[in-house]
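Line by line, the protein sequences are chains A and B. Per the numbering used here, residue 2 is the first one in the first sequence, and the count goes up by one each step. Per the numbering used here, residue 22 is the first one in the second sequence, and the count goes up by one each step.
Hints in this document: simulated from the structure, not taken from any laboratory. Here a beta-carbon is modelled for each residue, glycine too, at the ideal position from N, C-alpha and C. Please note: incorrect hints may appear among the correct ones.
Each pair of labels, with its calculated beta carbon distance range [said to hold, decoys possible]:
1. B:Ile193 with A:Met17: 47 to 53 Å
2. B:Gln323 with A:Asp23: 25 to 31 Å
3. B:Gly70 with A:Thr240: 33 to 39 Å
4. B:Ile193 with A:Ala246: 49 to 55 Å
5. B:Asp316 with A:Asp248: 16 to 22 Å
6. A:Thr65 with B:Glu109: 37 to 43 Å
7. B:Arg318 with A:Val195: 46 to 52 Å
8. A:Leu228 with B:Leu214: 41 to 47 Å
Chain by chain, the residues:
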Amino acid sequence: MNIVVLVKQVPDSEAMVQLKADRSAVEVEDKYTLNFFDSLAMEEALRIKEQVGAGKVTVISLGTQKSVEALRTGVAMGADEAVLLEDPAFEGGDEYTTAKALAQAIKEMKYDLVFCGREAFDDSSGAVGPLVAEFLGIPHITVVVKVQVSPEERAVVVEREIEGGKEVIRTPLPVLISAQKGLNEPRVPPVIGVMKAMRAEIKRLNLDALGLSPDEVGRAGAKEEVLRYYRPPERPSVTMLEGEAPDVVRELVELLKEEAKAI
Amino acid sequence: MSGGVWVFAEHQDGRIRKVALELLGKGRELAEKLGLELAALLFGSGVDGLAKELTLYADKVYQWDDPLLEKYNCDVYLQLLSDLAVKETPQILLAGATVLAKDLFPRVAGRLSTGIAMDCLDLELGDDALMIARKPFFGGKVWADVACREGRSQIALVRPNTFPVPTASGDITGEVLKQAVEVDPTQVRLEVLEIVRAAKERLDLTEAEVIVTGGRGMKGPENFQLLEELADCLGATVGATRAVVDSGWKPHDDQVGKSGKTVSPKLYFAIGLSGAIQHIMGMDTSKVVVAINKDPRASIFQYADYGIVGDLFEIVPLLTSELKKELGKR
Ligand SMILES: Cc1cc2nc3c(=O)[nH]c(=O)nc-3n(C[C@H](O)[C@H](O)[C@H](O)COP(=O)(O)OP(=O)(O)OC[C@H]3O[C@@H](n4cnc5c(N)ncnc54)[C@H](O)[C@@H]3O)c2cc1C
Ligand SMILES: Cc1cc2nc3c(=O)[nH]c(=O)nc-3n(C[C@H](O)[C@H](O)[C@H](O)COP(=O)(O)OP(=O)(O)OC[C@H]3O[C@@H](n4cnc5c(N)ncnc54)[C@H](O)[C@@H]3O)c2cc1C
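Given the sequences, and given the hints that come with them, work out the whole structure.
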């Protein structure tokens with residue numbers, strides 16, 4: 002079973018995000034981590050490889066030097082190979098161009114399954130996975146909480162989360178699956194894995210290697226464009242209600258009715 | 022006429038989802054400003070009644086009606102929707118940011134070689150008639166306005182509870198256009214074996230207008246009964262923090278936050294939860310937030326409109342009976 006895992010290095014939830022003075026971009030505090038959902042994707046890929054007893058897990062990321070960190074985490078967990086798509090031409094891209102480049106790289110590999118996260122913690126669109134599947138011409142299933150592979154039948158049966166319930170879907174391989182919380186508990190990389198990851202070779206692919214043209218990627222190829230960034234409107238400061246519980250509760254109900262008009 | 026504004030009319034349990042109605046309202050506004058027609062897209066099996074209902078909101082209702090469409094299957098919906106969109110090139114294509122739409126529409130965007138703005142907080146038209154979508158980035162720490170200059174259609178998925186539900190005025194009677202359900206079977210690889218959905222009396226968290234969320238301060242699963250009672254008198258839905266879900270007190274489906282559900286209700290009660298950033302990221306577009314916590318330094322108070330420092334086991338039952346009294350009066 003050959004499995005590709007898409008991983009993204011994202012700012013930690015706690016990282017400070019500042020607007021540039023002209024609001025054309027943001028500055029993010031230098032606290033990065035592997036995207037939470039991608040660690041679930043990684044874990045599932047490893048479990049499937051272990052269960053089948055053969056094959057290879059390849060982690061792949063599009064980004065700058067920062068993304069090497071995410072790839073090394075993948076290798077430390079147990080991935081066999083790591084690939085970084087890196088080129089100045091990728092800058093300023095959106096979900097479409099990101100997926101285009103990722104799909105192009107995957108096309109050249111042997112794969113049965115592609116895993117990604119439900120969404121990335123920074124831009125959180127959750128669009129990259131389905132777009133990669135579209136560009137590869139394979140089916141995809143999002144928000145997956147359970148995967149059962151039958152290698153003999155070259156098929157998977159998965160469970161995905163829907164509002165108020167679950168859906169069970171079967172599909173032949175290859176397929177792209179996006180990981181949702183509940184799928185598994187990602188392992189903590191063992192020390193020996195971390196050592197291995199530090200020495201691991203990161204294969205780099207640039208625009209030429211992918212055989213894409215400059216106008217298909219980055220700002221030139223992007224469909225979406227950020228016009229301006231801003232701070233979300235601030236909530237008025239909190240009104241603390243003090244006193245005996247019954248009085249406070251009465252006051253709250255009054256405020257919700259008269260001031261907030263929320264009930 | 023082609024090039025209209027299209028709204029995906031998602032439905033569940035025989036009813037058009039609230040978010041779809043919200044978007045038909047917004048879609049009408051955009052369509053009027055652009056001088057275009059508003060169309061609703063309806064997929065399902067035996068949905069003549071829903072099609073009729075949609076004619077109260079939209080000028081046209083594209084209806085795909087076939088037993089094959091009873092359950093959502095991306096491979097099937099994708100073909101039907103993209104084929105018509107390629108033919109008719111709607112200017113704007115809108116859907117709720119629901120599980121189904123988030124699965125289907127990125128792929129539609131790929132097939133139409135266009136962009137997509139997921140999880141939007143607002144939509145407006147720029148001077149050049151381009152749709153501008155407001156989106157949260159970094160879990161809501163910043164917002165941005167994005168636009169799709171290249172490519173048609175301009176696709177946006179909008180968070181439920183962003184726009185008001187329009188009133189069906191009764192004088193718009195759109196035309197229902199039944200579409201042939203013809204798919205290339207070789208492109209249908211997914212097979213939906215089963216859908217398990219408990220009959221729910223309450224709205225899903227993502228659509229609920231009032232939410233009562235409990236954190237680890239609830240002490241145990243049995244105490245969520247207190248929140249159920251509070252929710253009952255408000256017509257609310259009960260949510261939970263990750264700490265609660267990871268303790269096995271509540272299913273993951275109930276989790277609010279960055280790794281759970283993003284919610285945007287009119288009123289949010291945060292009870293016995295500390296207000297960790299990952300939780301805040303899932304609820305900070307709530308219109309009014311009430312926090313109840315025994316620790317005056319809990320960070321949830323920074324994100325609340327009204328705060329009560331106290332023991333939830335004392336406050337919540339009092340609040341429930343006070344609300345019963347108040348709302349009973351009406
Ligand atoms: C209009 C716009 C302008 C942008 N401009 C810039 C810019 O100038 N510079 C910049 O650095 N970024 C920019 N971005 C962000 C960048 O393009 C996003 O990282 C990309 O769109 C991925 O989207 P997402 O984060 O929403 O991922 P999602 O779709 O939420 O990610 C889902 C899953 O896809 C996989 N995935 C996503 N991205 C990657 C990746 N890069 N490598 C491997 N796997 C991945 C992961 O498994 C992830 O869990 C821009 C985005 C937009 C929308
Ligand atoms: C990658 C990642 C993703 C995450 N995603 C999410 C997410 O989606 N959603 C989420 O919620 N969290 C998420 N978290 C977890 C988050 O960081 C916090 O751990 C979690 O939100 C804490 O839950 P809590 O507030 O219920 O518990 P605690 O932090 O333990 O807070 C309990 C609160 O209850 C109060 N309390 C106790 N007893 C009483 C009483 N009798 N009366 C009144 N108040 C009382 C206490 O003062 C305290 O403030 C995520 C974390 C990570 C690392």
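The hints, checked one at a time:
1. Between B:Ile193 and A:Met17, the C-beta spacing of about 49 Å keeps the proposed range 47 to 53 Å intact.
2. A hinted range of 25 to 31 Å holds for the C-beta pair B:Gln323 and A:Asp23, which are about 28 Å apart.
3. Checked against the hint of 33 to 39 Å, the pair B:Gly70 and A:Thr240 fails, with Cβ atoms roughly 46 Å apart.
4. Range check, B:Ile193 to A:Ala246: about 51 Å between beta-carbon atoms, so the 49 to 55 Å window is met.
5. For the pair B:Asp316 and A:Asp248, the beta carbons lie near 21 Å from each other, so the given range of 16 to 22 Å is met.
6. Between A:Thr65 and B:Glu109 the beta carbons are some 40 Å apart, a value that agrees with the proposed interval 37 to 43 Å.
7. Here the CB-CB span from B:Arg318 to A:Val195 is close to 37 Å, at odds with the stated 46 to 52 Å.
8. Separation of A:Leu228 from B:Leu214 is about 44 Å and conforms to the stated range, judged on CB atoms against 41 to 47 Å.
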